[in-house]
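**Q** Residue numbers (my numbering), protein chains in the order written: chain A, 75 to 440; chain B, 75 to 440.
Please keep in mind that the hints were generated in silico from the structure rather than gathered at the bench. Since the structure is predicted, the reported quantities are computational estimates derived from the model, not experimental observations. By construction, the Cβ of each residue, glycine as well, lies at the ideal position given by its N, Cα and C atoms. Wrong hints could be hidden among the right ones.
What the hints assert, rightly or not - Residues of chain B clear of chain A, computed beta-carbon distances all greater than 12 Å:
(1) LEU154
(2) THR201
(3) THR245
(4) MET248
(5) ASP298
(6) HIS383
Said to hold, decoys possible - Stretch by stretch, here's where chain A covers chain B in the computed footprint (C-beta under 8 Å, at least three residues):
(7) 225-232
(8) 260-268
2 protein chains.
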Amino acid sequence: MTAEMDAVSPPSRLAEPEEGISAEELQLAARNHGLPLEALRFDVTPPGLHYLLTHYDIPVVDPDEFRLVVDGLIDTPLSLDLDAIRNRPRVSTVVTMECAGNGRALLRPRPVSQPWLVEAVGTSRWTGSPLAQLLREAGVHNGSVDVVFTGADHGIERGVEQNYQRSLPVTEAMREDVLLAYEMNGGPLPPQHGYPLRLVVPGWYGMAHVKWLTGINLVADRFDGFQMHAYSLRQQPEEHGVLLTRIEPRALLAPPGFPDFMSRTRVLRSGRITVEGRAWSGWAPIRAVDVSIDGGDTWTSAKLEPAPHRWGWARWTWIWEATVGSYLLSARASDRSGRSQPVDQPWNRGGFANNLVQRVPVAVIS
Amino acid sequence: MTAEMDAVSPPSRLAEPEEGISAEELQLAARNHGLPLEALRFDVTPPGLHYLLTHYDIPVVDPDEFRLVVDGLIDTPLSLDLDAIRNRPRVSTVVTMECAGNGRALLRPRPVSQPWLVEAVGTSRWTGSPLAQLLREAGVHNGSVDVVFTGADHGIERGVEQNYQRSLPVTEAMREDVLLAYEMNGGPLPPQHGYPLRLVVPGWYGMAHVKWLTGINLVADRFDGFQMHAYSLRQQPEEHGVLLTRIEPRALLAPPGFPDFMSRTRVLRSGRITVEGRAWSGWAPIRAVDVSIDGGDTWTSAKLEPAPHRWGWARWTWIWEATVGSYLLSARASDRSGRSQPVDQPWNRGGFANNLVQRVPVAVIS
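The whole structure should be built from the sequences, with the hints applied where relevant.
**A** Structure (structure tokens):
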């Protein structure tokens, strides 16, 4: 079976210098999708516009058969049906979520995987029950180190058959704002966003927000499952790597004017316009957004609005007296932890956390 | 201005023989998306899983400011707000919709545009008011030839600045099942599916179902706007071409087993399984679906279920006694008009209506 698995599931690779997007990358791009950038104008992203990454298939989960099993280093192991979860304390939180692989397809060399440009982001109102309360009631043992979350989605990745699994350190899992979410924007979770139950870990990249959640297991050692290694920063395949956790700061602008269908280049009539966008960071609130129209040679401050929600993005605006010519628009976010977006690519072998500033070509016409 | 437009919006082209998917094609693939094929298991596609193609930007339409203007060769020109449309007779119809460009990225040579593989399809319940009744009440003049529909989405395409516009012959527009739709699956239209109003033309490819509909104009001549030429079948750029209308027959199978993350190759444990999928045609009801496990060398009949809705897809199943080995699964639909899917690519320069049979590699393991 290993040889068969290896044949359908080879190791990861980097694209050749001149290699276009491959048939395999296109298959992923055709089924997963990003936020159309004009939808940055919405405070809360409509569900079908929120970015979506599914590692394997979207599983079909029968809500009547569904059970969340909580076990491991805990006084009272649990098997909860949906009603039991829905009858627990209910909280809503607006959260900006971003795929850790956002920006991957812009890296040189390009790691061959889901080929995101800059659009793998979205902001939703998630409703569910706080995980910490459930764990406290069940009695987490001293000596528990990691909480392992298991999803119902099943597949193979780089030769390893698995259900999707990721862990959080117990201290993170016990944060009051980590949710067992069963609603998105006021309705049941859509199938592709984890129906009937998913984890929401505000501030962390998407890989931590386990969808189709069926199991929570408390363990005495650092969990070293496949997805922990996969979602790590490393320069060489043999490195142990640094685990991905929180979202690096990023600003995106809603591209002004109107697009060309094929090139997506923006065309704008000259005059005064308000350029707008959003900025976010999983480390700390956004402190400033700067804007450039010359590809990053010079920067000027945008007007930053207070983020309406602790874990949601902040809107920013900038008045531009646009005159005829060709421009390269960028925005650059800095947060209160001292982090800001790089102007040179932060390369790593998995293509993660590439928060290089966005570059939007704009042709201003008379 | 023309030179500037040409610079951002060059003519269409064919990919070079060995050319991978280009950065421009990837930009389109990252924002538009197909149906994840496992979602063929749903009778009616959840909104965020339905295929989506937006030519320009998703426009923001203020529902209070919205007016549908009906004019041209008509006794009573109209300007209707949303309430006026919602207060008219209300009808719901389940419709399978497919992009005319579905299958484009599999063609050799490959026309460079939205790079669909096979997944640009979805089935929804659309609710709205019949267009024919509205037009009859307003009094269509004898001598009207085409009905031109204008959307609010604005952009440039192959050098031409435009709002999206497509026409129907008056005889098609007067079909009782053509809808001015304001709901999808029981809720308001999502922004990306045409909020607040779109056209639904059961049986026709997606280009006819004009989204963000703001204008209906009756004209005395065949409309020859940009999108009529764009959505035509031609072998050479200078040909006039044949207008695209109805959906060619197609069957797709929900890939069995589970996938490899990157290659999407399917892995299945040996034994008896039910392979299932859907089939549809805009020309006539589906008559038969045949299945092959050897890449089309031999075919066997699948069990076809009656389509639950006149314009929705039909489910089919096939029992497979899967033994260890490598297979290439295909399904092939035939409809009652005598049309069936080709086994050689039906090439044309725009990459339209490529209903070549799907090929799904499956590794059966013990």
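**Q** State for each hint whether it applies.
**A** Comparing the hints with the structure gives:
1. LEU154: Label holds. Min Cβ-Cβ 25 Å, cutoff 12 Å.
2. THR201: Since the minimum Cβ distance to chain A is about 17 Å, B:THR201 lies beyond 12 Å and the statement holds.
3. THR245: The assertion about B:THR245 holds, with a minimum of 30 Å to chain A.
4. MET248: The assertion about B:MET248 holds, with a minimum of 31 Å to chain A.
5. ASP298: 19 Å, holds
6. HIS383: Correct as stated: the minimum Cβ-Cβ distance to chain A is 21 Å, above 12 Å.
7. 225-232: holds (count 5)
8. 260-268: holds (count 4)
In terms of the numbered hints stated before, the structure departs from none.
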